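Visitor: For chain A, the structure is supplied; the task is to place chains B, C, D, E, F and G with the ligands on it using the hints.
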Amino acid sequence: MHQLKTFVIGGVHPPEKKLAEKQPIVRLDPPKTVSILLSQHLGAPAVPVVAKGDKVLAGQIIARGESFISANIHSSVSGTVAKVDGVPDTSGYRKQAIIINVEGDEWAEGVDRDEAFVRDCQMSPEEIVSRVKDCGVVGLGGATFPSHVKLKVPKGKKAEYLIINGVECEPCLTADHRLMLEKGNEIMAGISIQMKALGVGRAIIGIENNKPDAINNLSEIAREYEGIEVQPLKVKYPQGAEKQLIKAVVGREVPSGKLPIEVGCVVHNVGTAFAVYEAVQKNKPLVERVVTVSGDSVRKPSNFMVRIGTPVSELIEAAGGLPEDTSKVVNGGPMMGKALNDISVPVTKGTSGILAFPGSESRRPAEQNCIRCARCLTVCPMGLEPYLLSALAEKQRFEDCEMERIMDCMECGSCLYICPSGKPLLDYIRVGKNRVGIMIRERSH
Amino acid sequence: MGQLQNFSKGFIRENPVLVLLLGLCPALGVTTSAFNGLGMGLATTFVLVSSNIVVSLIKNLIPAKVRIPSFIVVIASFVTITQLVMEAYLPALFDSLGLFIPLIVVNCLVMGRAEAFASKNDTFSAIIDGLGMGLGFAFALTLLGGLREILGAGEFFGLSLFPGDGMLVFVLAPGAFIGLGYLVALNNIVKKKLDKTA
Amino acid sequence: MKVLTVSGSPHFHADHSVSRIMYGVVFSLIPAMLVSFYFFGLAAILVTLTAVVSCMAFEFLIQKYLIRGPMTIFDGSAIITGVLLAFNVPANLPLGIVVIGAAVAIGMGKMTFGGLGKNPFNPALVGRVFLMISFPVQMTTYPEPSAFSTRLADAVTGPTPLTFLKGGVDQGEKVSELMPQIPDYANMMLGNMGGSVGEVSALAIILGGLYMLARRIISWHIPVSYLGTAAILSAIFWMVNPEVYPDPLFHLMAGGLMLGAIYMATDYATSPMSKTGMIIFGIGCGLLTVIIRLFGAYPEGVAFSILIMNAFVPLINRGFKPKRFGEEIKNG
Amino acid sequence: MEYIIIIIGAVFVNNIVLAQFLGICPYLGVSAKVPTSVGMSGAVMFVMTLATLVTFLIFNYILVPLNIEYLQTISYILVVASLVQMVEIILKKVSPALYQALGIFLPLIVTNCAILGVTILAVREDYGFNLLEAVVFAIGNALGFALTIIIFAGIREHLDLVDVPKGMRGAPAALVVAGILALAFMGFANLV
Amino acid sequence: MRGRKVQNICHPGVVESQEGNMVLVRIESRSSCGNCQAKSYCGMVESEGRIIEVKSGRSEDFSPGQQVDIMLDTSLGYRALFLGYILPFLIMVSGLFLMHLISGDEALSALTAILLIVPYYYLLYRNRGSLRERFRFYIKPGSKSS
Amino acid sequence: MVLTLIIVAAAASFTLATVYNLTKEPIERSREAARQEAIGMVLPAFDRLVSKKLMPPSGSDSLEFNLAFDNGNLIGVAVSTYTGMGYSGVIRAMVGLTPDGEIIDVVHLEHAETPGLGDKIEKGKSDWSDQFRGFDPSEQALRVRQDGGDIDAITAATITARAYCDAIERAYLTFEANKQEIINKEEE
Amino acid sequence: MNELFNEITLFSVVSLGAIGGVAAIILFMVAQKFRVIEDPRIDIVEGLLPGANCGGCGLAGCRALAEAIVKDESLEGFNCPPGGSDVMQQIAEAMGWEAGEQTPMVAVLRCNGTREFAPPKVQYDSAMTCTFAHSLFSGEGGCPFGCLGCGDCVRACDFDAMYMDPESGLPVILDEKCVACGACVKACPRDIIEMRKKGKKNRRIFVSCINREKGGVARKNCKVACIGCGRCVKECRFEAITMENNLAYIDYNKCTLCRKCAPVCPTNAIHELNFPVRKKKPADTDKQEKNV
Ligand SMILES: Cc1cc2nc3c(=O)[nH]c(=O)nc-3n(C[C@H](O)[C@H](O)[C@H](O)COP(=O)(O)O)c2cc1C
Ligand SMILES: Cc1cc2nc3c(=O)[nH]c(=O)nc-3n(C[C@H](O)[C@H](O)[C@H](O)COP(=O)(O)O)c2cc1C
Ligand SMILES: Cc1cc2nc3c(=O)[nH]c(=O)nc-3n(C[C@H](O)[C@H](O)[C@H](O)COP(=O)(O)O)c2cc1C
Ligand SMILES: Cc1cc2nc3c(=O)[nH]c(=O)nc-3n(C[C@H](O)[C@H](O)[C@H](O)CO)c2cc1C
Ligand code: SF4
Ligand code: SF4
Ligand code: SF4
Ligand code: SF4
Ligand code: FES
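Residue numbers (numbering that gives the first Met the number 0), protein chains in the order written: chain A, 0 to 444; chain B, 0 to 197; chain C, 0 to 331; chain D, 0 to 191; chain E, 0 to 145; chain F, 0 to 187; chain G, 0 to 291.
One or more hints might be untrue.
[To be verified] For lysine-lysine, the following DSBU-like pairs were computed, each having C-alpha atoms within a straight-line distance of at most 35 Å:
{"id": "1", "chain 1": "D", "residue 1": "32", "chain 2": "A", "residue 2": "394"}
{"id": "2", "chain 1": "G", "residue 1": "70", "chain 2": "B", "residue 2": "119"}
{"id": "3", "chain 1": "D", "residue 1": "32", "chain 2": "A", "residue 2": "257"}
{"id": "4", "chain 1": "A", "residue 1": "94", "chain 2": "G", "residue 2": "213"}
If you're looking for bench data, these hints aren't it; they were derived computationally from the structure.
Quick caveat, the model's predicted, so the values are computed rather than measured.
The following block holds chain A by itself, in its conformation from the complex:
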């Protein structure tokens, strides 16, 4: 049999647990209040342009991304601004947010809420980019990097491929999967818009082989588009990671510390493509997104279309609430997501899933000595030596960490997943990355 494409170095295969795979996306009503964080994207926080007491409409801009890497933020609901204040974010630290009391569901002018599919786009590449920017579109694949930045190819570089990330390699998550089934046309149109903005002739959609229906659906639609093709991929985590995906799809390796554009690629998530479609064709800012609510502790695993700023607890309620023995709630996938210490935190642009697990699944295995079994180094998709990095970081030997390329680690968690001794490898690697990052910054100024 023909071997399916995948990336070469490392990788693991955690249990897939795609419990919500068959659940269509359900649109949730706006909650009573929303807390919209000012920093939902990579880069500088946005600056509020509304104040307490202001009336806002859904889709109205409420904070502006002013620096180069930042993004606009729009109200996801209509109502009154209750206050601009710190609310705990996913890690429990207070971050500035705009809190809005919901009143009705009125939308700002200019937003086209018609569901009708509009395929062709007349805008020039520059117009596309500025529309994407105005609408506050950020990458929905997890990193929430402002999309307009990625749609502008830097001077002196040339993009050859737009790679669309439909891999959804994280266990449990099904948001992208459902989107590909239900919004295939819109995604395709979004892709061709992105291609136009980037000036590339080819786009490849990478989808793992465990989503045959999505592969079929998109392949079907792709026939109507020139230059867009679907590439089925072997199931392997972390195929969705940008560099691994590029390696899997076009066989190129992004050099250490470089961006994908170095090898002529730009990677966007399918959700981003959909968001770009909505922004460009419907003038609809990024105010809602698909969130999977799943995990062994969730009574009704579901996929919801929710307004940004909705408290996570509401999603969980909508999915049937949590049983008594739930002892971990994760924002994101089980491999990269963040464990919540409070379920009242709001959904952000980057929330792809909310997972809940019972006690038996949420504890880490007891820590023992590293037995040097080399499993971590075998599975590291970046070809690093996690056992070494972690030990160096624990010993605070950060210069050595840097030499061992700790900054190449993308925190995929494969190493910690596989380690038989339960070493908190990634925890220490993160400490190391943090410190090395500071060192590098200090050096460069």
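Guide: Here is chains B, C, D, E, F and G with the ligands on its own, set in the frame of chain A:
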């Protein structure tokens, strides 16, 4: 620091072998038996004391710049004297210590005491210092030699302790390293205990 | 809802654990163990039992009174050390010496450095080589194998094929004359030859090795490169002069080569981490084994070569890193 | 062939550190970094060869003819000590940059114990070495020294990372490692 | 931005003085027997360390007495090793064997071998300028850990 | 400065020379005593000793033959012999032979064999070497049993045993080869 | 006579004299080039220092401090925390200088978020290092300023002056062992530990909280948080207390240890250490005693 302390510190707290890790080559090389260890220790003590005496006597006559080479010459002379006298009167010991007698000359301990202590102190203190350090050295060597002899040959100073051969490895090279390794560890513990009570 | 747990990602963990791996190794050792019990009888059982129990006991005592660390004796690694130590000594070795070996293996080879995974040298081999050099007489007196043997220490002793051949060749006798006097290859494969407790049956060891490969406890790199190098090098010598140097098949099956390549060179703690490193390590072991067997004072060189290569492991780990992503830009 | 046997003998069978117990101080003390130990090895190689050449001349052309072999120790130590220094001075004069780079690279230059030991051994009667053999002997010993300290630097880097129990940390662990290494090297017994 | 890929050797030192863009740093030769009274006299290595001249664009950031780390590319360290010790060693040994082959006289070949390093050092001397250019050091404020 | 060092060196060497001259005698004497003792151990009482060097049929160095006379009769020869076949280093031994070539006794002079194994050739360490007493190499084979000879090897130290036999055999063969000359000596 | 002094003597003297001469010239050159100008006083000073090489003085080890002291010819600005003023006094005597008066310092923990006062709401289950926990979340008790209890500070202390109290989940500093090296201060990712003046009879008063959130918010997570009410500021007659970002801070240079402020704190956030027990107990002193 009293003279007594000067004298006794070499045994545990500042033992040249077990703590300062000086002169390890002879410590490992000749300690196949307690007797050899003691012999080497005493030979070194002799050199140490005599060179300490001479150094403290001539310290004012020697210009600073050729101090080190002069000390070397003094030490080397005493080493050679030891060599000659031993060959004449203790030929068996001379044979078993072999190369390590001339190597006393590079034992950092000897040079170190000459330079750091004898060249700054009066003759009497220098003698005490040399004796203390030298006997500490001899103590460690005898200890290690004894350990290796007992484990390796079942004997102590040639007296058979139990029938049979013992663990051969301890009379061979690996046994030297291993024995010294655990002795140093043990001494660390003893030292800590002493420090605590002090 | 109970108290939530907060931890860093990932939140899934693979189904591995140290003790599962270790007991997997112990399980894979069973065929070799049965063969040894069959040929060396009660004596083999006693030696194995003594080694395992004393290894665990020493680990317990040292953890408890010297290091004051957590209890680790049930993680299975001390059991492996015990079994492999027993497998590396003659079945009629006095049990007192077995206990000394266990003390050295665990005390010096492992716990000195802090226990599981920290030791630079293979503990069982440290124990074996220590005994080999301390008690050369006892360690080189091997009982003759005999089916369902129930004899204890006073079994008939005889040389192993390796000592026999080496002794003969040293006297200027020809390999072709000596060969008929040792067990044929089928018997060597099954384990019907003189030797240490667990090393005799190549077949049983290969069986265990295949099991470990299937369960992904070990990878093929070290055993294959080790055995391959040993075979190739001995074949070269054999082709140069078959009357002085025995053929490669003999080398593969005689002595502890199989046991060493599959169980002892693969010990995680003391072998390289990267695949290339493992291959280099295997090649080094193979070269040294053959050189020591053919030219050294000892008829058997497996233990020495693995220990020597153990010493190189940190350097190999330093020099042969895994291939890094994005290292060479291959665009196409 | 003769030379190869001398080298194999010196490197593996009678390793200078593991079997002859010379140069233990630098073995234990030289920094736990592999590059540094490589540097140390290079310096020892040069100085040991040079010292052997010079002392061989002194022994065979001064001490032996004059029947004053007993001055071996004292003359050797003077020669060795001043040679080591001279190399330094010359290097400093000749290329300060090189000298500085080496200063950073090597924490200490050469310990005399090993050098003196080898120069004395090289003229030992029962070896009966001629000049070339003596030099090869010195080189072999330098290689043996290099092998052990580089291996050991590697192990030391490993031990630094794994938290050896407190009592064994440092010298005790280093000595036990040397012991096991010496055990392993016994496998080379009688190789030549 | 990117991390250094080269490996560095680090050595602590103390700033001696600073003139123009040149910082003079004194480094200690830390001998093996760190706690020995003989300290640097042992092994007869000079004790007070050496002065290293470091060119630095930010030399004014360093003041005398300050603890700094001097760094050098490991590969440069190896090159220094080669030029300083290995190459003269090779010259010496090959000279020895060649001369012995030609003359067969021990004393003569030994003397030749020793004397052969004189022209080698002369060559080094002639090239000291370019060597100075090649061996560059970096300097940074000292850390406790190294 | 230079002068100081020269003076120091000269003073040192002067002292050393004196000590050397003082100890030269005792050293000689102790060496000689050791030799005499060894000879005494392998020969019966004698009143005159004549030394001569003879080349062995194989081997690089000559052997020292000490012909012992009692009342003018050759009563035995003590041969200082060596072998390079030892486990480590050269082994030297003193072999006492009767004028007929029978071994009176053997004592080791110098060896570097492993303590506990090869050092069993030393008389004090084991009685292994006693089996050479009265051994007649013309009738028995001076080889260890493993090699088809009549000497029991030392357990686990066959190499040393083999080497010791080699050394003794060297003495014996040299003696045989020069027997005539040695007997002649008697007549002188 | 001839026995003792013969041609051997002559040869010896001449040849060794020659070798010695050559060596002398070389070594003389060495001495010239690499003159040792090391001040012998450095050794003396180093000998007096405790030799812990802890870096508490801010320099790279004891030798470095000794060099710096000798170089400056004064003790001004130098401080050896482990040795304390005793050592400085000794050095001063040895050098014949005046010893600068040193204020003895000690580390204090400015958090009282024990399990009792700031009950854990979630459970932490990752690497036991505060640095990581700090980057992961606000803490088990929810206070984003409070102690995380993984003991980075304890591990940093070379003097066994700290231990983790399993009961409270907070580190405890042993005054008598702490040498004020500051290692713990550097280790704590939340800057909870402060170096304060040891105080007369070891007495200290400080606000044991660094939460800068608004009172209500802070109080929600921890019963003994400083809520920034400002009562202590008003109470203090020596202007030793300042209020910034909802957090009171007592300046130990101005504080006279009058003990007026502690009783007025509604949350008992102000700690008094090593004072005699108050006669008339204010509301809940039992909590304070726990902290001593
Ligand atoms: C370990 C890892 C796994 C990832 N997995 C996915 C994934 O399954 N799907 C996805 O769309 N993005 C995934 N990403 C994010 C991608 O690397 C990349 O940021 C994204 O596809 C870029 O598109 P965006 O900017 O539109 O989000 C992953 C990243 C990492 C580091
Ligand atoms: C500082 C920075 C600058 C970036 N610049 C660009 C860019 O110019 N063009 C681009 O296509 N992506 C750019 N990216 C986006 C990354 O390529 C990547 O898509 C993003 O970090 C999310 O990927 P991930 O989810 O795999 O982590 C940049 C990212 C960072 C952190
Ligand atoms: C450390 C060590 C030292 C040894 N020393 C000697 C020795 O001095 N003499 C010797 O004959 N064999 C010695 N042997 C044993 C030889 O290696 C070899 O095993 C033995 O001589 C073979 O003889 P066998 O036929 O009696 O077993 C030594 C072995 C070891 C491990
Ligand atoms: C594949 C494998 C092989 C092992 N081989 C050995 C061995 O040869 N000797 C031994 O003492 N322990 C062995 N162990 C057990 C354990 O790893 C060993 O005790 C460690 O060296 C202790 O740190 C082995 C374990 C595994 C998983
Ligand atoms: S996977 Fe775990 S046990 Fe294995 S080498 Fe990596 S850290 Fe060590
Ligand atoms: S988390 Fe980092 S180190 Fe671990 S496997 Fe992923 S990339 Fe490698
Ligand atoms: S408690 Fe802090 S300041 Fe005090 S000794 Fe320990 S680390 Fe240093
Ligand atoms: S005081 Fe700081 S370092 Fe210490 S345990 Fe608390 S948070 Fe951690
Ligand atoms: S190196 Fe041999 S005694 Fe120090």
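Visitor: Give a verdict on every hint.
Guide: Evaluation of the provided hints:
1. D:32 - A:394: holds, 16 Å
2. G:70 - B:119: holds, 23 Å
3. D:32 - A:257: Satisfied, since the Cα-Cα distance of roughly 31 Å is no more than 35 Å.
4. A:94 - G:213: holds, 14 Å
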